[in-house]
Amino acid sequence: MIEILSIFKHTLKVEVILGALLHAGIERKDITAVSLERPGPDAALSSAGPSESEREARLELPFILATAWAVIGAGVGYRLYFGPVIWGIGASIAGFLSGYLISCIFQFLKKGKKIKQSEPGVVLIIHCREDQRQRIEQLLSENEVLGLTVFQY
Amino acid sequence: MSRRYPFSLSCLGLSQLSRSNPLVIAWWSAAFPGYGHMLINMHIKGNILILFEVIINLNAHLNQATAYSFSGQFELAKEVLNSRWALIYIPFYFFCIFDSYRSAKDINQLCLLTEQTPVIRPIFEMKSYSLSYLDKRSPRIAMLWSLFLPGTGELYCQRTITALSLMIWTLVITYFSHSMESLQWLLTGNIDVSKRVLDMEWLLFIPSLHFGAAYDAYRGTLNHNHFFVREQKDYLRRKWPVKRAHPLFPENGWNGESN
Numbered sequence: 597m598i599e600i601l602s603i604f605k606h607t608l609k610v611e612v613i614l615g616a617l618l619h620a621g622i623e624r625k626d627i628t629a630v631s632l633e634r635p636g637p638d639a640a641l642s643s644a645g646p647s648e649s650e651r652e653a654r655l656e657l658p659f660i661l662a663t664a665w666a667v668i669g670a671g672v673g674y675r676l677y678f679g680p681v682i683w684g685i686g687a688s689i690a691g692f693l694s695g696y697l698i699s700c701i702f703q704f705l706k707k708g709k710k711i712k713q714s715e716p717g718v719v720l721i722i723h724c725r726e727d728q729r730q731r732i733e734q735l736l737s738e739n740e741v742l743g744l745t746v747f748q749y
Numbered sequence: 641m642s643r644r645y646p647f648s649l650s651c652l653g654l655s656q657l658s659r660s661n662p663l664v665i666a667w668w669s670a671a672f673p674g675y676g677h678m679l680i681n682m683h684i685k686g687n688i689l690i691l692f693e694v695i696i697n698l699n700a701h702l703n704q705a706t707a708y709s710f711s712g713q714f715e716l717a718k719e720v721l722n723s724r725w726a727l728i729y730i731p732f733y734f735f736c737i738f739d740s741y742r743s744a745k746d747i748n749q750l751c752l753l754t755e756q757t758p759v760i761r762p763i764f765e766m767k768s769y770s771l772s773y774l775d776k777r778s779p780r781i782a783m784l785w786s787l788f789l790p791g792t793g794e795l796y797c798q799r800t801i802t803a804l805s806l807m808i809w810t811l812v813i814t815y816f817s818h819s820m821e822s823l824q825w826l827l828t829g830n831i832d833v834s835k836r837v838l839d840m841e842w843l844l845f846i847p848s849l850h851f852g853a854a855y856d857a858y859r860g861t862l863n864h865n866h867f868f869v870r871e872q873k874d875y876l877r878r879k880w881p882v883k884r885a886h887p888l889f890p891e892n893g894w895n896g897e898s899n
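Listed in order, the protein sequences are those of chains C and V.
Taking this note's numbering, I'd label the letters of the first sequence as residues 597 to 749.
Taking this note's numbering, I'd label the letters of the second sequence as residues 641 to 899.
Heads up, a few of these hints could be off.
Dumping the calculated SDA-like pairs for lysine to any residue here, alpha-carbon to alpha-carbon at most 20 Å [stated by the list, open to error]:
no. : chain 1 : residue 1 : chain 2 : residue 2
1   : V       : 776       : C       : 748
2   : C       : 605       : V       : 718
3   : C       : 625       : V       : 881
4   : V       : 776       : C       : 625
5   : V       : 776       : C       : 621
6   : C       : 609       : V       : 778
7   : C       : 625       : C       : 748
8   : C       : 605       : V       : 763
9   : V       : 718       : C       : 624
10  : V       : 879       : C       : 624
11  : C       : 609       : V       : 762
12  : C       : 605       : C       : 616
13  : C       : 609       : C       : 598
14  : C       : 605       : V       : 877
Covered, in the sense of this in silico footprint (three residues per stretch, anywhere, with C-beta under 8 Å from a C-beta of chain C), are these stretches of chain V [what the hints assert, rightly or not]:
no. : stretch
15  : 659-667
16  : 674-687
17  : 760-770
18  : 798-808
19  : 837-844
Keep in mind that the hints were calculated from the coordinates and are not lab data.
All values derive from a computational prediction rather than experimental measurement.
The C-beta atom is built at its ideal place from N, Cα and C for all residues, glycine as well.
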């Protein structure tokens, strides 16, 4: 008997594969699906929602400044050569970029350089016979598997 | 069913509890009254406020006064402002900021209360009139769509009620501001005409309308994905527990038949 260990992202595909494996004759007790948690002090926070995540925090200020600058730019631009539309768009782009820069600097000062964390995924472990191996490997690779390995014992 | 739950999906869209910085919510209420409430999923309240904002702002000529003030024509700004409407705007404006700030703080508390409860909620609803489900979507694509046409990004991440109202407002505001007409003149090199056709009263709604919608769509899609993952995790834990005495999980033992 062998164990096929594979890793996936959390998508609908995971459930498609679980269904397909059952259909292919693998028994439910031979399939293990475990979802990974992010280690460290962030783990508790990450379950509370993505709003606290860096990704969003980095876009809060850019959108705020883009809006504010666009209003001011359009107002001021009313009397300038190119008119409110061009000045408004220009100011909003400048506002967005400056906001992005400021929040990047703030984050850098706050935490220092941080390792970019990808989202934790799902581990599927399938217990099967050697002759089922090829079929399962093919099934997994057709469904966005991130990586797989086979144990023999 | 538990007393509080973190999200709800139906054919009318997805609502969810998510953490936010109350100051950011208050800012969006200040930029466009009603947007703060929209961001924290109080769609009906938000839309009532947006309607009032547009009516009062329009009649008070507030945006026009803003444009004149920024371009240094203070006398004109004073002249154009209609005090019969402008004074009503003040309590309305501060109520929006106050109420969205307060609600955002409450919702942060509700997040704490619901974060430990396992998610056993419908993630799929099909009726004869519509279909709605949770899956993974791209926050960037949602943002781009809403940047071009506010409301489309919201449709993408299933904030349907807000999407409908944003699309109606986009049509109205774009039409009356003459912004597309102005852009056309600008592209053909007639800068003077392009300035003259613009209606500043309507034009100054556009920055907050577009950027607010883009931010809302981005945030909405992140939350949408978050709850998809969270529900799937709980489903896997519930329905696919570790069953065999697995070499990788030796302490779990055999409980395969019980499921």
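Going through the hints against the structure:
1. V:776 with C:748: Given that 20 Å is the threshold and the Cα spacing comes to 34 Å, the pair is violated.
2. C:605 with V:718: Distance of about 59 Å is beyond 20 Å: violated.
3. C:625 with V:881: holds, 9 Å
4. V:776 with C:625: Judged against 20 Å, a Cα distance of about 28 Å means the pair is violated.
5. V:776 with C:621: Not satisfied, since the Cα-Cα distance of roughly 28 Å exceeds 20 Å.
6. C:609 with V:778: holds, 16 Å
7. C:625 with C:748: Satisfied, since the Cα-Cα distance of roughly 19 Å is no more than 20 Å.
8. C:605 with V:763: Cα-Cα ~18 Å, so holds.
9. V:718 with C:624: It is violated: about 75 Å lies between the C-alpha atoms, which goes past 20 Å.
10. V:879 with C:624: holds, 10 Å
11. C:609 with V:762: Since the Cα atoms of residue 609 of chain C and residue 762 of chain V sit roughly 18 Å apart, the hinted pair holds (cutoff 20 Å).
12. C:605 with C:616: holds, 17 Å
13. C:609 with C:598: Violated, at about 23 Å.
14. C:605 with V:877: It holds: about 16 Å lies between the C-alpha atoms, which stays within 20 Å.
15. 659-667: holds (count 5)
16. 674-687: Contact hint for the stretch 674-687 of chain V vs chain C: violated, 0 residues under 8 Å.
17. 760-770: Violated - the stretch 760-770 of chain V has 0 residues with a Cβ nearer than 8 Å to chain C, which falls short of three.
18. 798-808: violated (count 0)
19. 837-844: holds (count 4)
The structure does not agree with the numbered hints 1, 2, 4, 5, 9, 13, 16, 17 and 18 stated previously, though it agrees with the rest.
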